[in-house]
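Asker: Here are the chains, one letter per residue:
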Amino acid sequence: MTLTDDQKMLQQTAASFLAEEGSIAKQLRHWRGINCSDGFGHGLWKQFAELGLTAICIPESHGGLGLGATEAAIVLEEIGRNLTPSPFLGTSVVAARAIENTEYADRWYPRILSGEAVLALAVDEGPRHAPEETALEAKRQGNGFVLKGAKQFVVQGGSADMIVTAARTAGSPGETEGLTLFAVPKGATGLEIESTSLVDSSKAARLSFHNVELDADAVIGDVDGGLRPLKRALAAGNSGAAAELVGVAAGASARTLDYLRQRKQFGKLIGEFQALQHRAAHLHVEIEIARAATFKAAKLLDISDEGADLHVSVAKAKAAEVASLAVREGVQMHGGIGMTDEHDIGLFMKREVVLGELFGGLYYHRNNVAKLSGY
Amino acid sequence: MTDLDTFCARSRAWLEANCPAEMRQPIRSEADICWGGRNWKFQSDAQRRWLEVMAERGWTVPDWPTEYGGGGLSADETRILKEELRRIGARPPLTSFGISMLGPALLKFGSAEQKSHYLPQIARGEIRWCQGYSEPGAGSDLAGLQTKAEDKGDHWLINGQKVWTSYADKADWIFCLVRTSVKSKQGGISFLLFDMETPGVSTKPILLISGSSPFCETFFDDVKVPKDQIVGDVNTGWDVAKYLLGHEREMIAGMGLGVSGSSVTLGPVVKPADPLLRAEIAAFDVDALAFAAMSERFAAMWKAGEAHPASPSMMKYAGTELNKRRNELTMAAGGSDALEWDSERSRGGSAARTWLRSKGNSIEGGTSEIQLNIVAKHILGLPGA
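Line by line, the protein sequences give chains F and A.
Final position of the first sequence in this note's numbering is 375; the numbers increase by one with none missing.
Final position of the second sequence in this note's numbering is 385; the numbers increase by one with none missing.
A portion of the hints provided could be inaccurate.
[Unchecked claim] With a cut-off of at most 27 Å between alpha-carbon atoms, the simulated BS3-like pairs for lysine-lysine come out as follows:
#1 Lys-303(A) / Lys-299(F)
#2 Lys-299(F) / Lys-82(A)
#3 Lys-152(A) / Lys-185(A)
#4 Lys-242(A) / Lys-227(A)
#5 Lys-377(A) / Lys-268(F)
#6 Lys-371(F) / Lys-271(A)
#7 Lys-371(F) / Lys-324(A)
#8 Lys-82(A) / Lys-303(A)
#9 Lys-8(F) / Lys-303(A)
#10 Lys-183(A) / Lys-324(A)
#11 Lys-224(A) / Lys-183(A)
#12 Lys-185(A) / Lys-227(A)
#13 Lys-377(A) / Lys-264(F)
[Stated by the list, open to error] Taking beta-carbon pairs under 10 Å as the criterion, some of the chain F residues facing chain A (in silico):
#14 Gln-7
#15 Leu-269
#16 Gln-274
#17 His-284
#18 Ala-297
#19 Val-353
[Unchecked claim] Footprint (simulated), chain F over chain A, 3 or more residues, beta carbon under 8 Å:
#20 274 to 287
#21 302 to 314
Note that these hints are calculated values from the structure, not bench results.
Glycine included, C-beta positions come from ideal geometry on N, C-alpha and C.
Please construct the entire structure, taking both the sequences and the accompanying hints into account.
Answerer: In structure tokens, the structure reads:
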């Protein structure tokens, strides 16, 4: 499981582009400083498009590169390392997968490719991820549907041109059948969007659907057949979030190692103390394990292996656990300076907690591993 | 069909015809493992036949050159053969430190004569080897070893003591680190091979907390060793030792994946009813599957020449800590059943004994702390490490 030459080239391109243009100073701190309502820069998103990064998960038949989760993971690890805010995961990975093989692909893929569109996925209705608990009601009315209910943790929902929304057209909460995905356009009548700033300065929306009327053609795929595209999108999302978490862990760890090599106390570099060396070494091993699990999951997704769901949950759980360790060790080993807003290490801690929760946290995915393993 | 497909089909047919049914049963105890050697008592005809047919084909060491008793297989063919063996649940025909440790070191550092003399014996399971590394005063600080080898013109004269010598009481020969110079710590060590029946060699088993005695104290009292039984040059034994330790660490790290033929994960085996235990086991299973992914990734990177030379230390550290956790959870899941020490019901206290034995995994072959030192120094480059 080593990278191909093409993948290595993509890694170099993404690494230098994101370290240069996507740096904390140029992006995260800049947009946070001016309290930007999107939380990311549209100029940078255009640059993603110019480099072809928005094309990764778009099929060749639609002018994309027709690549997969592995290539997305390569880019997302670099995004994580630099804490670069962008619609890459939500739009060009998750939403692109949700609308794959539907007429919405024809409509939105060109604008995803060009870096013009921002799309979002609305699944969660409570503070914990539980897609099968979807209660948002979509009732047939005439030729279309009326949507009633609420969503939360809709990443970039306030900036989105279209929100892929999971709703219930049959059955009751807790059942996996009876889910349908709808394309809800920005500005739909009766849709109330409250954009909130999260702990990491990223934006997520709470949506209230007050009898939002949609035409029948707002259905993405089949009525009552939403589970499959939803699971496909969530698998891509979790695989991608795992990769971004690995990047967050690696970025936090690299900064911490730099600090251990320069900070002096008791007349010594603190990196000379074995108490800290062993913790740093343990963390390094853990990050390597998380990276291996992440790229294995991505590969299994790419070859549509039947074990992919299990390994995606393994990757997400492991990456979340390890990234959490990396940022906690990072702040602790930086000492007082790590508690300041001025130092970047705290930003890694903030990003980790959001990514860790996205599409299901550590405990959700451990539980999923148990369920998929038959216990 | 590609060449590899043909190889796969032929291997499958051959294994189907030649692997005895008894040798396709899971390994249940130490007696099921075939170590070979001059004094080996085969557990069954099937165990003998399985070793003979595999050795005949060079498949006890499939990737060694055919001139040394190997199968001469490419990396891909070796992988396919291993998959085919796993597919039918075949036991390894031969397990030995000759195969896993000394052989690779001889292939790299041995003279032409040494290779053609020792390697075929290892491949056929004729000589059982043990490893003389640790000493009472040289554990983690292995290079501080004091066992002395004096140059007596036509032979080396060995005096000293080794400890933790695995199966020294059952081994035919030893590969042994000795001090040939006191001028330099690492640079005064040599790597010798000698017969355990040489006068002056004695062994004493050490009873472990697990109730078994896989290790011995080994004493050398004026042991005469022929001059040509040194591997590499005089005072360069540390290089051989380090290379060999990498192989030992890979082998011990494999414990993290569970015993051969069993599940990497624990939950599907124990099906925990207690919700808190279930949560612990789910956390373990995540770590076990993630560790297996790293094991696969590093193996691929070694083949591609992209692996960090210290990566076996990462594997060893993670794999042994994982195996200790596996055994803690097995004990917790087993409850009082797992506490029985010698009943037939408990297969001779298998759970408890395996649990206790696993504590040694993070000590033998370099402690977890030593592995972390190596990662800190050679991978992270931390100051003063």
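Asker: Each hint: holds or not?
Answerer: Hints, verified against the model:
| no. | hint | result |
| --- | --- | --- |
| 1 | Lys-303(A) / Lys-299(F) | holds (19 Å) |
| 2 | Lys-299(F) / Lys-82(A) | holds (22 Å) |
| 3 | Lys-152(A) / Lys-185(A) | holds (22 Å) |
| 4 | Lys-242(A) / Lys-227(A) | holds (22 Å) |
| 5 | Lys-377(A) / Lys-268(F) | holds (17 Å) |
| 6 | Lys-371(F) / Lys-271(A) | holds (11 Å) |
| 7 | Lys-371(F) / Lys-324(A) | holds (24 Å) |
| 8 | Lys-82(A) / Lys-303(A) | holds (16 Å) |
| 9 | Lys-8(F) / Lys-303(A) | holds (17 Å) |
| 10 | Lys-183(A) / Lys-324(A) | violated (40 Å) |
| 11 | Lys-224(A) / Lys-183(A) | holds (23 Å) |
| 12 | Lys-185(A) / Lys-227(A) | holds (22 Å) |
| 13 | Lys-377(A) / Lys-264(F) | holds (19 Å) |
| 14 | Gln-7 | violated (13 Å) |
| 15 | Leu-269 | holds (5 Å) |
| 16 | Gln-274 | holds (8 Å) |
| 17 | His-284 | holds (6 Å) |
| 18 | Ala-297 | holds (8 Å) |
| 19 | Val-353 | violated (19 Å) |
| 20 | 274 to 287 | holds (count 8) |
| 21 | 302 to 314 | holds (count 3) |
Violated hints, in rising order: 10, 14 and 19; the structure is consistent with all others.
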